[in-house]
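A.B. asks: Input sequences plus hints: build the corresponding full structure.
Last residue of the sequence shown: 392 (the numbering used here), numbering continuous.
Since the hints were derived computationally from the structure, they do not count as laboratory data. Please read all numbers here as calculations on a predicted model, not as lab measurements. All C-beta atoms in this analysis are idealised placements derived from N, C-alpha and C, irrespective of residue type, glycine included. No false leads were slipped in.
Ranges between beta-carbon positions, derived for each pair:
{"hint": "1", "residue 1": "Ala-244", "residue 2": "Glu-205", "range": "21 to 27 Å"}
{"hint": "2", "residue 1": "Arg-213", "residue 2": "Ser-332", "range": "30 to 36 Å"}
{"hint": "3", "residue 1": "Asp-256", "residue 2": "Phe-308", "range": "31 to 37 Å"}
{"hint": "4", "residue 1": "Phe-308", "residue 2": "Ser-192", "range": "21 to 27 Å"}
{"hint": "5", "residue 1": "Leu-152", "residue 2": "Gln-255", "range": "35 to 41 Å"}
{"hint": "6", "residue 1": "Ala-244", "residue 2": "Gln-169", "range": "20 to 26 Å"}
{"hint": "7", "residue 1": "Gln-169", "residue 2": "Ser-380", "range": "37 to 43 Å"}
{"hint": "8", "residue 1": "Glu-171", "residue 2": "Glu-221", "range": "15 to 21 Å"}
{"hint": "9", "residue 1": "Gln-245", "residue 2": "Tyr-174", "range": "19 to 25 Å"}
{"hint": "10", "residue 1": "Gln-255", "residue 2": "His-312", "range": "19 to 25 Å"}
{"hint": "11", "residue 1": "Leu-327", "residue 2": "Gln-258", "range": "36 to 42 Å"}
{"hint": "12", "residue 1": "Gln-169", "residue 2": "Ala-200", "range": "41 to 47 Å"}
{"hint": "13", "residue 1": "Glu-221", "residue 2": "Ser-332", "range": "32 to 38 Å"}
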Amino acid sequence: MERLDPKLVLGAYAVGVFPMADHRQAETVYWVEPKRRAILPLNGFHLSRSLRKTIAADRFEVTADRDFRQLIRLCAEAEPDRPETWISEPIETVFLDLHAQGHAHSIECWQDGQLVGGLYGLALGRAFFGESMVSRARDASKVALAWLVARLKVGGFTLLDCQFQTDHLASLGAIEISRTTYLGLLASAVGGAVSAGAGAGAGVGALSFPSEASGDFFALDSGAGAATDTDSGPPSGKRIAQLLTVTS
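C.D. replies: Below, the structure is given as structure tokens:
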């Protein structure tokens, strides 16, 4: 079975390419660079009145990186409307490695101690590449995405890559752009966070990934973006809803 090198995967994302597989048991991956790319502008999230109420009421306990392994496996589970998944074992393994290295992150939604939804993706520079969302309870994936957008805004990110446009993502504010436009946004978001470790002409395997010029995925947890000094501490749903209605 193919073993993906985490640095190779990071280098691929840095130039607009990502891996997928035909099914869960696939032993190899293929590399994708869509002609049209879906992104979600961080100040363009569509917060409906009903979703705002759900978030503000803290219907779910929402966490970050509490159980990345369980979340990615939930995303990979077959469903009646999706009997196969592109998250093969090699892809799961490399993302577990990337998570251990601090590059891959998850947002989890819990009810009564059970994981009922969330999402995971990859952070590189000031870009976040959303990989997969899952929902086992009404609105769980929407809430997870809302928390992600708020977290990225507070952390100084500039690009949320959604890969492929869907009706679900469009309803939440995602737009589709050309490859050329996307690559310009990508270069700006990762330019200061990716360097060639072996000088000009270095291959992907020689890339290094310094932390400078990178977004802070956990800034929200330290109280950054709070309206007042008394708002510091673990974020509440009301604070998330507030952040999503403030533009910069």
